[in-house]
Amino acid sequence: MRPLLRTILREPLVHFLVLGGLIFAANWVLHPPAATDDRRIVVTQTDVARIRALYAQQWGAPPDPADMPNLIDNYVRSEVLFREGSSLGLGADDSVMRNRIVQKMEFLLQDASGVSQPSDAEIAAWFQAHDSAYRLPEQVTFTQIYFSPSLRGVRAEADARTALDGLRAKTASDPGDPFMLAADPAPRSKDELAKSFGAGFADAVFSLPVGVWQGPVRSAFGLHLVRVEERTPARLPPLSEIRNRVHDDMMAERLRLAGEAAYHRIAARYRIDIDRAAKPSP
Amino acid sequence: MGTRTAAIGLSGIAIMLTWIGIAAAQSTDSIPANPLKQAYFGELHLHTSYSLDSFIFGNPNNPDAAYKFAQGQPVTLFGGETKQLRQPLDFVAITDHAEFLGELALCSTPGAAVYDGEACKGIRAFDMAQFGKIAASVTERKRRADICGADGLACVVAAKQTWQKVQENAARYYQPGKFTTLIGYEYSINIPGAVFSTTGSKDPRATVPGMLHRNVIFRTDHVPDTVFSAYDGTGEELQAWLEAKCTGDCRVLTIPHNSNYSWGRFFWEGRNSDGSPWTRDILARRARIEPLVEIFQIKGSSECEAGIGLADEECGFEAAVPPCPPGEADRCAGPDSFVRDAVVKGLEVEEKQGINPFKYGFIAATDNHDGTPSATAENDFKGHLGQQDNTPEKRLGVKPGAAGVDDGHGESNGAYLKFNPGGLAGVWAEKNTREAVWDALARRETFGTSGTRIRVRFFGGFDFPADLHRNPDLVKIGYAKGVPMGGDLKAAPDGRSPSFVVWATRDPDSAPLQKIQIVKGWVEDGKSMLRIYDVACSDGLTADPSTGLCPDNSAAVNLKTCKTDEGKGAAELATTWTDPSFDPSTRAVYYVRVFEDPVCRWSTYDAIRLKIDPPKSVPATIKERAWTSPIWYTPVQRG
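First to last, the protein sequences are chains A and B. Just so you know, we're using numbering that gives the first Met the number 0 here: the first sequence kicks off at 0 and counts up by one. Just so you know, we're using numbering that gives the first Met the number 0 here: the second sequence kicks off at 0 and counts up by one.
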C-alpha cells in the first residue's frame, strides 16, 4: 500500500486540509488516554471549541449553535466506537485503518517536530552549501542568417559563403531565407540549443568567437551564418534572484529531516528484530 | 493538553500558508513583445491527482509535480518509473475535473464527516468500482449522497475551497515571459444512458461513456469564485453561467474535446446537446465563447475518420472509435462527431442563420491522467492512466511473458491499444504571458500537432506576391497584406482568388517533413464539399496533376529497430498557393495539414521492449502531423 501513502503525502491539498484532523490525531497519538480512562469519555469546553473550529475550517463557516448538540453527539459516538473497535482489535489487520493511522503519524511527525521558518542568514548558508544545484550553464546569444536547402538546393552552401564574404567586407549581401525560429532572442544553453537546432549546431556555436560572422554552420534545418553576440559564462545567480526557490527547497528538506528525526526518536523506543535470513517465497 | 495540540496545529497552518506563498500580481507590460510573434508550445488539457479518476488510477502527481514536470523536471509515475520532458513547455493549463473536486477533498480529509464511509475508503484504496459509481453519478447528474450528503452541499462547499487552491497553484508557478500557467478546469458531462463499465466487456462501445466534455480556460487570475460542473447543468448552461459570472476583468473561453466520443452530439445540426432545438441566443453564445476545438488527443483524432463524412485517405490516423453502422448514432463515430465536417457545416449554418457556431480554430492536447503535461513522445511512452496502463503488457493487452500479442485477452483487454500519447498545442503570440497566450487562443492563431514540435505559419490574402514563401519578410508581409491562421478573408477584389503562404519546419527530435496539404471546404447546393491539395512535396517531388497528390517519397522505417530513413524528407517546406477553383460568391474554409515521414507508433516500441511482434490491430507506424487553425472566406452580403 505504499503508493496510497505516497499519493496522500504528496497531496498539498491533503497537507492543508488535514490540519483540522491533526488536532484530533494529536490528542490520540501524542496523549493516548490512560488505561484507567478507557471507559470514560470527557468532553471539555476545549473539546467543544475544537469541534466548532474544525467544522468552521472544513465548511467555511461556524456551525449553527442549534447544530452543536448533534456535532458533540457525533464526536462522542465516534470516540465510543473508536475505543470499542480498538479494544476489539479491529484495525490491526485492516489495511485502510492501518494506513490512516500511519498517515496521520507521518503528518504529525513533520508538523509536531517544530519546523521553523529559516532566517535570512540560514537561507544564505544553505544556498552556499548547495550552490551546485543552482548553478546556471554557459549561455550564448546570437544572430543568424539562414540559407535554406529546401529553397536553394545545392546552391545553399555557396550562397552562404558568398554572403559571409559580403558581411565581412561590409558590402551588401544576400539577406538569406525566412527562418522559423529566428524570432527567439533569448540566451540559450548548449543543451537547449541542441534540442531546438540539433547537437552539431550547438557544439559549433559554442566554439565560435564573439562578435564576428562565422559559418556556414549546419543545423537540423539547413545552413546558418552566425554571429555570437554575447557569451555568459556558467554562473551562480545571486541569491536575491532565486530566493523563493531556495526557501522552498530548504523548507522541504527541513520538513523531511524533521520527520525522519522524529521517526528515529520514536523507533528508538521499539525493539526491532528482523529475520535477515528469511528468503523470499518463490 | 488541548492548548498545546492546538498551538501545534496553528503553527502548522502558518508554515503551510507561508510555504504556499502568494505570488504578487505583477505587470507584464515590461516584457518585450515580438510583433511578428513566435511559436510557443504547451498543454491545455491535463489531469493531476486533484482529479478523482486520476487519483483512483493511483497517479501520485499533484499540480505541483505537474508544473515542475512542465518546467523540465523529472517526476515519478505510478509503478515507480521516472518521466521527464525532452524540452520544457512554454505554457500549461491544468484542467482537473470540476465534478469531483469537492468529493475528493472530503474523502482525503481525515476528520471530514464522510472520511470513514465506504465510498471514501474505497476511493482511497483505489477501488475502480467506486470510480464506476462516481462516473455513473455524473451521468445521472446527481451527486453521491454517501459523500456529499442528501442535498449535495458538502461537496459544493469543498469544491470551492479546492478551486481556491487551484488558483494558488497556478500563481505559484507563473513566470511571466518564461512560463505561463493558465487557470482552468474540465467540465465533464456524460451522455445520459452511457455508463462507465468495469465489467471488462470486449466491445469497446460498451466500455466508454458518451462525452460532451469541455475545458474552461481563463485569461488571468480574475475568475469566478467556484466551478460549474456537470452536476450543475448542460454544456449550453455552462456557457451561459460563464458569461454571467465571468465579467469585468474576467475573460474565459471553452474548448470542447473528444467529439469523436460525442455520438454525434457535439456538432449536431439544429439541436443542443440534450436534443432541444437551437435558439439564436445559444448559437450566438457558443460562437462568442468557444473559438477553439481540440482536434487530437490521447483518445484519438477528432479531425475526421476513414469512411465517415468528409474523410480522405489520411483520416485513418489514430481512430479510436468504430464507425457507425448504417442507421446507428450511439456509441460509434458518425459525421457529426468530427471537426472537419463541423467547420464545413458551420459555413452553411452561417449562411442560413447569420451565426457560425462551429467557427473553430484547432489545438491538440493530451488529456493525460498522470500529471505529466505534453508527455507525447512515441519512443518513450509510459502510459497516461496510472495503474491501468503503466506497463507495456497492460498497454498492448498481453499477458506478462506472453510470446505474442493476443489482442483482447490480456489484463487490459487491449482497450489501450487504440489510444496514443496525445498531442501538443502551438500558439503564435507576441510574448509568453497569460494575456498574450490567451489572446492568441481567443483569435485562433493556433495549431495542434500529434505530439511533435512541427512549427507552421499560414497566411491568406488577395495581394500576396507569387513567391512570398521565398521572401525573407514573409511574416511581416503576411500580417500586413493578409490574415494569419484563425483569421477572416472578406470581399474578394474583382477577379482575384486568394493566395495562401504556408511554411513548416520539422522537429529536430522527430522525422523530417513529407508534405503539406491545404484542406478546402465549402457548401454547394446544400451539400458539404471538400477538396484536398498537396501543395508542397519533399524530396524534389511534385504533385501528380491527375490526383493532386504528392507521389510517395518512400521514406522507410525499420520495424525491428524503429530507425528511420534520414535521407528522405525535408527540414522545411514552404509554398505560395492560389486557390485554382475559387468562387467569390461562396463561403469557404481552408486549413493546413503538415505531415512528417513515418516513425514507429508507441505500440511498436512497446512490442520491441517485450521482444514480440507489433500488434496487428493498429498500424506499426504513424505519420506525425500538424493541423493549423483555418482561414475563412466570407463573400460580401448581397443586397
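Some hints could be false.
[What the hints assert, rightly or not] Listed below are the simulated DSS-like cross-link pairs for lysine-lysine, each with C-alpha atoms no more than 30 Å apart in a straight line:
{"#": "1", "chain 1": "B", "residue 1": "Lys475", "chain 2": "A", "residue 2": "Lys194"}
{"#": "2", "chain 1": "B", "residue 1": "Lys567", "chain 2": "A", "residue 2": "Lys189"}
{"#": "3", "chain 1": "B", "residue 1": "Lys141", "chain 2": "B", "residue 2": "Lys67"}
{"#": "4", "chain 1": "A", "residue 1": "Lys189", "chain 2": "B", "residue 2": "Lys82"}
{"#": "5", "chain 1": "B", "residue 1": "Lys244", "chain 2": "A", "residue 2": "Lys194"}
{"#": "6", "chain 1": "A", "residue 1": "Lys189", "chain 2": "B", "residue 2": "Lys244"}
{"#": "7", "chain 1": "B", "residue 1": "Lys67", "chain 2": "A", "residue 2": "Lys194"}
{"#": "8", "chain 1": "B", "residue 1": "Lys141", "chain 2": "A", "residue 2": "Lys189"}
{"#": "9", "chain 1": "A", "residue 1": "Lys169", "chain 2": "B", "residue 2": "Lys141"}
{"#": "10", "chain 1": "B", "residue 1": "Lys67", "chain 2": "A", "residue 2": "Lys169"}
{"#": "11", "chain 1": "A", "residue 1": "Lys194", "chain 2": "B", "residue 2": "Lys615"}
{"#": "12", "chain 1": "A", "residue 1": "Lys194", "chain 2": "B", "residue 2": "Lys141"}
{"#": "13", "chain 1": "B", "residue 1": "Lys489", "chain 2": "A", "residue 2": "Lys194"}
{"#": "14", "chain 1": "B", "residue 1": "Lys562", "chain 2": "A", "residue 2": "Lys189"}
Hints are computed from structural coordinates only; laboratory data are not their basis.
Tested hints:
1. Lys475(B) with Lys194(A): 27 Å, holds
2. Lys567(B) with Lys189(A): Within the cut-off at roughly 27 Å; holds.
3. Lys141(B) with Lys67(B): Not OK: Lys141(B) and Lys67(B) at ~35 Å, beyond 30 Å, violated.
4. Lys189(A) with Lys82(B): Answer holds: Lys189(A) to Lys82(B) is near 22 Å, not above 30 Å.
5. Lys244(B) with Lys194(A): 43 Å, violated
6. Lys189(A) with Lys244(B): Roughly 47 Å between the alpha carbons, so the hint for Lys189(A) and Lys244(B) is violated.
7. Lys67(B) with Lys194(A): 19 Å, holds
8. Lys141(B) with Lys189(A): Not satisfied, since the Cα-Cα distance of roughly 55 Å exceeds 30 Å.
9. Lys169(A) with Lys141(B): 75 Å, violated
10. Lys67(B) with Lys169(A): Status violated; Cα separation ~47 Å.
11. Lys194(A) with Lys615(B): 34 Å, violated
12. Lys194(A) with Lys141(B): Violated. Lys194(A) to Lys141(B) sits at ~49 Å, over the 30 Å cutoff.
13. Lys489(B) with Lys194(A): Since the Cα atoms of Lys489(B) and Lys194(A) sit roughly 41 Å apart, the hinted pair is violated (cutoff 30 Å).
14. Lys562(B) with Lys189(A): 26 Å, holds
Violated hints, in rising order: 3, 5, 6, 8, 9, 10, 11, 12 and 13; the structure is consistent with all others.
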